[in-house]
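Just so you know, the sequences run in chain order A and B.
In this text, residue positions in the first sequence follow this note's numbering: the first is 1, and each later residue adds one.
In this text, residue positions in the second sequence follow this note's numbering: the first is 1, and each later residue adds one.
Quick caveat, the hints were computed from the structure, so don't treat them as lab data.
For glycine and all other residues, C-beta sits at the position ideal for the given N, C-alpha and C.
Hints should not be assumed to be uniformly reliable.
[Claimed, not checked] Label-pair ranges, simulated between beta-carbon atoms:
#	chain 1	residue 1	chain 2	residue 2	range
1	A	E19	B	A333	18 to 28 Å
2	A	G57	B	T172	34 to 44 Å
3	B	V294	A	G57	30 to 40 Å
[Said to hold, decoys possible] Computed list of lysine-lysine pairs in DSS-like fashion (alpha-carbon distance at most 30 Å, straight line):
#	chain 1	residue 1	chain 2	residue 2
4	B	K635	B	K39
5	B	K338	A	K68
6	A	K93	B	K338
[What the hints assert, rightly or not] Computed footprint of chain B on chain A; a stretch qualifies when at least three of its residues, placed anywhere within it, have a C-beta under 8 Å from a C-beta of chain B:
#	segment
7	15-21
8	68-76
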Amino acid sequence: MRPEIPRRPVSHITDTEFEALAFGSERPVLVFFGSRRCKICRQLFPVTEAIAHDFQGRMNVYGVDAGKYRLLFQSLRLRGIPQLVLFLDGEVKLRLGGFHPHPVLVDQLEQWVP
Amino acid sequence: MANGKDGAPGNGGSSNNNSKAKKVMLLGLDGADPAVIRKYVAEGKLPGFKRALDAGVTTSDLGMQSVLPAITPPNWASIATGAYPATHGITCFWNHTLGNELDVLDYGFDSGLLKAETIWQAYARAGKKSIIFNYPTSWPPQVEDAIYVDGTSIYTNLRGYIDYEKVYEGRTEYAELIEIPHVVDNTGANCRFEGEETSQKAEISKDTYEGYGYTQPGLVTTTQDGELSADVPTADQIFTPLGPAEGWTSAPAGAREFILPVNNGQARRVGLLVADEQGQYSRIQIYASKTAAVPLGEAGPGEWSGWIYDHYTIDGAAIPVAYKIRVLELDPAGNSFKFYSSYVLDLKTGKYFYPQNIGEELYSKVGPMLQPSNYSRLNPQADQVLLESIEEMYSWHVDAINHLLDNNEWDLFYTHMHGIDMFNHFYLDHTLPAASAEYERYQEIIYKIYEISDRFISALLDRLDGGTAAFIVSDHAGVAKNPETDHPLIGDMWGINVGILGDLGYTQLKESGGSYEIDWSRTTAVAQRATFIYLNVKGRDPQGIVDPADYDSTVAKIIDDLYSYRDPKTGRRVISFALNRNDMEVVGLGGENSGDIFYILEPDFTRCHGNGLSNHTLLGYSMRALFIALGAGVKSGEVIDRKVKVVDIVPTICHLTGSPVPENAEGGIIYQILADSAEEEIPVTGQPAETGEPVTAGTGGGA
Numbered sequence: 001m002r003p004e005i006p007r008r009p010v011s012h013i014t015d016t017e018f019e020a021l022a023f024g025s026e027r028p029v030l031v032f033f034g035s036r037r038c039k040i041c042r043q044l045f046p047v048t049e050a051i052a053h054d055f056q057g058r059m060n061v062y063g064v065d066a067g068k069y070r071l072l073f074q075s076l077r078l079r080g081i082p083q084l085v086l087f088l089d090g091e092v093k094l095r096l097g098g099f100h101p102h103p104v105l106v107d108q109l110e111q112w113v114p
Numbered sequence: 001m002a003n004g005k006d007g008a009p010g011n012g013g014s015s016n017n018n019s020k021a022k023k024v025m026l027l028g029l030d031g032a033d034p035a036v037i038r039k040y041v042a043e044g045k046l047p048g049f050k051r052a053l054d055a056g057v058t059t060s061d062l063g064m065q066s067v068l069p070a071i072t073p074p075n076w077a078s079i080a081t082g083a084y085p086a087t088h089g090i091t092c093f094w095n096h097t098l099g100n101e102l103d104v105l106d107y108g109f110d111s112g113l114l115k116a117e118t119i120w121q122a123y124a125r126a127g128k129k130s131i132i133f134n135y136p137t138s139w140p141p142q143v144e145d146a147i148y149v150d151g152t153s154i155y156t157n158l159r160g161y162i163d164y165e166k167v168y169e170g171r172t173e174y175a176e177l178i179e180i181p182h183v184v185d186n187t188g189a190n191c192r193f194e195g196e197e198t199s200q201k202a203e204i205s206k207d208t209y210e211g212y213g214y215t216q217p218g219l220v221t222t223t224q225d226g227e228l229s230a231d232v233p234t235a236d237q238i239f240t241p242l243g244p245a246e247g248w249t250s251a252p253a254g255a256r257e258f259i260l261p262v263n264n265g266q267a268r269r270v271g272l273l274v275a276d277e278q279g280q281y282s283r284i285q286i287y288a289s290k291t292a293a294v295p296l297g298e299a300g301p302g303e304w305s306g307w308i309y310d311h312y313t314i315d316g317a318a319i320p321v322a323y324k325i326r327v328l329e330l331d332p333a334g335n336s337f338k339f340y341s342s343y344v345l346d347l348k349t350g351k352y353f354y355p356q357n358i359g360e361e362l363y364s365k366v367g368p369m370l371q372p373s374n375y376s377r378l379n380p381q382a383d384q385v386l387l388e389s390i391e392e393m394y395s396w397h398v399d400a401i402n403h404l405l406d407n408n409e410w411d412l413f414y415t416h417m418h419g420i421d422m423f424n425h426f427y428l429d430h431t432l433p434a435a436s437a438e439y440e441r442y443q444e445i446i447y448k449i450y451e452i453s454d455r456f457i458s459a460l461l462d463r464l465d466g467g468t469a470a471f472i473v474s475d476h477a478g479v480a481k482n483p484e485t486d487h488p489l490i491g492d493m494w495g496i497n498v499g500i501l502g503d504l505g506y507t508q509l510k511e512s513g514g515s516y517e518i519d520w521s522r523t524t525a526v527a528q529r530a531t532f533i534y535l536n537v538k539g540r541d542p543q544g545i546v547d548p549a550d551y552d553s554t555v556a557k558i559i560d561d562l563y564s565y566r567d568p569k570t571g572r573r574v575i576s577f578a579l580n581r582n583d584m585e586v587v588g589l590g591g592e593n594s595g596d597i598f599y600i601l602e603p604d605f606t607r608c609h610g611n612g613l614s615n616h617t618l619l620g621y622s623m624r625a626l627f628i629a630l631g632a633g634v635k636s637g638e639v640i641d642r643k644v645k646v647v648d649i650v651p652t653i654c655h656l657t658g659s660p661v662p663e664n665a666e667g668g669i670i671y672q673i674l675a676d677s678a679e680e681e682i683p684v685t686g687q688p689a690e691t692g693e694p695v696t697a698g699t700g701g702g703a
């Protein structure tokens with residue numbers, strides 16, 4: 001049996017909170033865009049929670065329901081779900097679509113997150 | 001290098017030493033109508049054209065015959081190769097090659113589709129150098145020792161932008177920021193995508209052909225689906241809350257702040273609405289951040305900002321960019337504003353420049369280029385902003401062209417400007433009293449684009465130095481829609497048009513997922529692009545059902561049906577003529593890039609241009625191409641009594657300059673324009689004019 005990867009709960013935010021919490025944050029922010037109806041999203045979400053654990057204190061991690069907040073999804077010009085979007089210094093620095101294994105995501109984020 | 005500069009022959013044995021011009025400039029004005037120019041010149045307007053006509057040669061109506069279809073890519077390809085579309089292979093705005101699915105079309109602005117040698121390739125064989133500036137079908141570059149600026153679309157840099165144009169509207173009553181991108185991507189949240197797509201690009205879905213009006217064509221089932229859909233104005237729309245400036249290092253007293261999404265929604269800038277000494281809000285300022293000491297740019301009511309230089313993060317790298325804003329509305333009480341923000345130019349990448357550093361060189365020496373606005377239309381303010389922006393674009397082109405011509409060795413210069421054609425498409429229908437109550441305003445807008453074009457050619461004709469000849473040409477013109485008729489559902493260059501061919505039973509549709517698609521299992525023929533009908537032939541077309549044994553009889557039946565077809569509203573015949581594969585060779589068509597039937601619409605039903613005959617006229621407008629030649633080796637102030645065709649331009653230039661003729665040229669030398677005695681010639685600077693028998697070019701008379 002595989003050892004349990006430590007995770008930290010990721011809270012979902014609304015479109016009205018998004019501007020301040022993502023673009024307005026002084027700390028790096030990773031946002032998970034997905035939907036419960038999407039199988040790969042359900043696979044990626046626990047990985048995102050593991051990332052939230054790994055980067056605790058260095059980066060805030062939130063979830064957004066892409067189906068509920070379509071205009072927000074479109075305004076970021078995202079194509080397809082799931083999507084992980086990294087905000088740093090008030091702008092998008094990295095976008096990762098589809099599923100990525102935990103170590104790959106850690107490697108990618110370590111290149112950006114101070 | 002034997003490049004003809006001293007009159008010496010080039011290599012290849014096909015140049016001569018009898019050249020009468022050392023250099024040639026071809027100034028292309030897409031959509032320029034000889035009938036309209038004649039009218040304006042007769043009214044004492046357009047001094048640049050008047051000067052060219054006085055100094056040079058034209059035909060009795062200032063016109064020449066386009067190749068068919070009278071559409072941009074095929075005609076500029078003919079003006080570059082001297083060949084007909086059957087030979088050079090570009091047969092509409094979009095292309096089709098037999099053997100591909102009948103709904104698979106290739107974008108026509110592509111030198112890779114050209115099967116005929118261009119004049120700049122022929123020049124290169126003789127060691128002569130060319131500069132090709134925004135010339136359709138010239139990109140990607142084919143000649144190593146030449147300079148290319150774009151050529152992938154109607155306007156320079158139209159596919160080189162890094163962020164789309166936007167309209168920002170700020171109001172104190174707005175509670176949250178809302179951004180509505182101009183393209184709602186169907187692969188987004190509306191359509192679940194659960195794959196391995198990985199995109200680190202902080203940019204909008206910039207598909208190969210994106211740019212306004214240049215998304216892939218599709219099925220045309222209404223008059224709004226086709227060419228008209230390509231003309232629809234679009235912009236990203238941003239609604240942003242306006243409130244007291246807070247947290248700024250140095251915001252003026254009373255200033256109000258707002259957030260600006262930029263870089264395709266990937267970043268934010270901040271703005272201030274600033275009051276004057278009287279307390280009236282009068283300026284919009286854009287800052288990189290609230291701690292910045294000076295704004296990136298600013299503008300007042302009705303004004304353009306200067307260039308706003310910034311850096312956008314693309315693929316993790318900081319890319320230098322430039323754009324401008326133009327204030328549309330500004331409430332003096334400070335409760336609202338609205339401003340336009342232009343396409344954002346990538347100052348570094350040089351995607352459509354060859355050599356690549358030409359882009360950076362032009363932006364540093366001449367400045368960034370403003371793209372014409374397209375955020376709205378058919379209202380006085382948006383039309384004015386378009387005029388202002390396109391005027392600046394033309395001015396930039398004069399400076400950029402002069403910079404390249406002044407600082408590089410060249411023998412041949414080819415350019416094309418697309419303003420008149422776009423204005424024809426946008427405004428011509430509205431210039432008729434029966435079509436619009438504002439027809440006089442629209443007539444004035446049409447005049448303005450000719451005036452801008454007049455200044456463009458006038459500035460470049462200042463370069464004529466006695467050794468240079470110039471050709472001022474268009475590819476086609478355009479007619480306004482007859483207010484008495486509606487556009488028929490056939491002959492639309494934007495895909496497959498199912499209207500009339502559907503009514504006649506040849507094209508069959510089926511429902512699929514709430515929309516319609518072609519039922520190829522029951523479709524015997526489709527109307528594809530502006531002027532072609534394809535049979536769905538078994539063994540040739542991937543989904544073919546027509547037995548090759550029935551090919552001739554089916555073609556004959558369709559042609560019969562087209563001639564019999566009457567417009568339901570007026571009872572008039574819609575089709576002017578229709579030709580089968582064999583017969584279309586007389587109009588320069590045929591081969592693997594043409595349909596099985598080529599047809600032309602009656603003038604009453606022509607959609608601006610393209611599906612009408614290039615000689616058609618309608619209600620004061622024509623579809624003819626423009627022809628004026630002047631300068632070294634060309635007669636002065638004459639009107640020639642001969643028909644000129646677009647394929648004649650290349651052989652004539654080659655004859656004038658003693659250059660090799662492109663291998664596939666089919667036109668003839670326009671002997672009638674040539675100065676036939678030393679007295680008539682404009683001497684070449686620094687040496688006497690040369691005379692002699694032409695030995696290089698042409699078969700004479702055209703095909």
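Quick rundown of the hints versus the structure:
At about 26 Å, the beta-carbon gap between E19 (chain A) and A333 (chain B) stays in the expected band of 18 to 28 Å. Between G57 (chain A) and T172 (chain B) the beta carbon distance is about 38 Å. The supplied range of 34 to 44 Å therefore holds. Against the hinted window of 30 to 40 Å, the Cβ-Cβ separation of V294 (chain B) and G57 (chain A) comes to about 36 Å, which satisfies the hint. Between K635 (chain B) and K39 (chain B), the direct Cα distance comes to roughly 23 Å. Compliance with the 30 Å bound is thereby established for this hinted pair.
With a C-alpha separation of about 29 Å, the suggested pair K338 (chain B) and K68 (chain A) falls inside the 30 Å cut-off, and the hint holds. At roughly 29 Å between alpha-carbon atoms, K93 (chain A) and K338 (chain B) fall within 30 Å of each other, so this suggested pair holds. Coverage of the segment 15-21 of chain A by chain B holds. Counting CB-CB distances below 8 Å, 3 residues qualify, and the rule asks for three or more. By the rule of at least three residues with a Cβ nearer than 8 Å to a Cβ of chain B, the coverage given for the segment 68-76 of chain A holds, with 6 such residues.
Of the numbered hints given earlier, the model fails none.
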